[in-house]
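Enquirer: Kindly generate the complete structure, drawing on both the sequences and the hints.
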Amino acid sequence: MINIPILLIFLPVVTSILVYLFKWKHMNIVVLGSQLILTILAAIYFGHFYGQFEHTHLVLGGWDHRIGISLANDELSMSFIFLSIFTWWMVLAYTFKYGKTDHTFLFFLVFLQGVFLGLLQSNDLFNLFVFLELTTIIVTILIAYKKRGESFRAAIYYILLNTSGVLLFLIGIILIYFTFGTINIVYLHETLTPGDDTMVLRLSYILLMAGISVKSALFPVFTWLPKAHGAAQSAISALLSGLVVKGGIYLFFRMNFLYDNVGIHYGDFFYWVGALTAVVGVMFALSQKDIKQILAFHTVSQIGIIMMGLSSSDANTFYGGVLHTFNHAFFKSLLFLGAGVIIQVYRTKKVTEIRGVMRSMPVVSVFMIIGMLSITGAPFFNGFISKSIIKYGIEDSTIRYWILFAVNIGTATSFIKMSQIFFGPRTVSYPIKNMAQNFALFGFALGCITLGNFYIPFTESFFGIAYDQEFIHVGAFIDYAVTLGLGFMLYHFVISKDYKPIQNIRNFKLSFESANYVFIIYIVVMVTYFIWL
Amino acid sequence: MNPILTFIVILIGFYGLSTSDNIIKSVFCVTIIESGVILLFLNLGNFEGGAIPILNDHLVDIVDPLPQALMITTIVIGSTVTALSLMLCIKIFHHYGTVEWAEVLRREDVKS
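Chains as they are written, first to last, in the numbering used here: chain A, 124 to 656; chain B, 1102 to 1213.
Certain hints may be false.
27 Å max Cα-Cα, derived DSSO-like pairs, lysine-lysine [as the list claims (entries may be wrong)]:
| no. | chain 1 | residue 1 | chain 2 | residue 2 |
| --- | --- | --- | --- | --- |
| 1 | A | K472 | A | K412 |
| 2 | A | K146 | B | K1192 |
| 3 | A | K270 | B | K1192 |
| 4 | B | K1126 | B | K1192 |
| 5 | B | K1126 | A | K270 |
| 6 | A | K146 | A | K220 |
| 7 | A | K223 | A | K412 |
| 8 | B | K1192 | A | K632 |
| 9 | B | K1126 | A | K220 |
| 10 | B | K1126 | A | K148 |
| 11 | B | K1126 | A | K269 |
| 12 | A | K473 | A | K412 |
| 13 | A | K146 | A | K223 |
| 14 | A | K632 | A | K269 |
| 15 | A | K472 | B | K1192 |
These aren't lab readings, by the way, just hints derived from the structure by calculation.
Expert: Put into structure tokens, the structure is as follows:
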């Protein structure tokens, strides 16, 4: 029973190797079978250890627990495991036809799942590094998979920037190892006391956070994300935006739990980083015309909102941020997959050229509208719940409240812009009856609505927090209507006119050298904040 | 070797990353950073006159074996990253006819 985490890592890896070796026609059925076994194993494991996750600590190979490879789970990591298994189910369904013929693609897709589950369960810092690098490598291949010029450029931008970030993460691990003689997270959490607050420990914190910031695309170093997610295939974009970026966020709170006992106060710094990420992401999203670029920049801005929640010291707001990572995974994957179907039919990515989707593909349109309502925070949909929780948490500070409000208006504006694709006469016919694709969209849409209405049992069982406030009341509807109204005005009078400054923002590109320069400045700012202040 | 020196190697790598306009140079700068990190880790676990960490009858004054075990993994990962990046460089050269960051960006704008 305790060995199930190993199976969770190796089952997808072994399946993917079988796929690659035996290039059999019905290999995707085998993949779905192994996915089913994986789901059952995870459910059994969760049922067995529910309420006593401190016994899940597993050291491989009988080594000393301070230095050996170890795996451990808690409620939070289990919730992420279920989220990733669900996302992979849906992405495998979406690429069902494609996976029949292209076995190399299926190999990388399934392999990534094993690596990602390893990242979630790893309990020693060095294996975190190994899994982080492995995800980086496989994601690079998946980004470049379309074999087009822009996807190669996005891939090399991604791998070089992320590798330099992850190497800084490794230096942080080295400093921890030589201060405490262990790299086991559970053990470190018990050992660290406020007396350990030395310069070296703070430096290690900064380096770990620098690496995590690159992986999770925080404000100054987010430039790889829109390139990569815009250039990849839609199914891969959905996977990356919905889930793999959350690997960085997951490490963010894993590492901050680790440093909790030392008493390093990180909240304010990461609040402002998150706020800047949200505002800048929305600004860029408003200026874009490419449907996938819009969605990719919204991933950046939603990560900013998640960080605004996670940086709070109040448990309710913190778990609001965690809940938003889940909600974002559902609605952003839904939007990317829906956009993928639309691009496939219309053969263009320009928002201004796609018209009449409602007439030609009513089913896909309904799912897309559910995704849009969720991301803009409409009541009864999941984005509303987590945004409200974060909003209640930061209500005391006027400026913080208004930043979140401004970001919400920006989001509404940009999705009003995107919703223009639904109107207009029918221009193309949609002969492709791909039930598997519709099923994937349906799964994510169902997730959006379920989490939007029945979030309490979910948060109670996974985070141990019951939100007793009633979020849905008249004020919420008025709030949403005001946001939509302001967003519509902004769209109608500013964005649709496409003024010169908007074009300038759209054409702004940060070169690779400048991105690294900005990254160094970011580290210097962090050193200034955490060591001298 | 002093740990400060390894930090200087890492900083040279970052200097190269933020100034070089050639993609292949950027790949090598990442390799330089990685070498610096490996040197730092091995260096901190080492001491003057330490024996090789191989189990025998008289175990005295051996160096810490863990950094060496971990760094082998890092070297393997690093070589994978380098190989993959150089492959991408070749592909970029085939598509754009150049391996300069700015030039690639310019030719992409011309194409679209």
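Enquirer: I'd like to know which numbered hints this structure contradicts. Please list them from smallest to largest.
Expert: 7, 9 and 10
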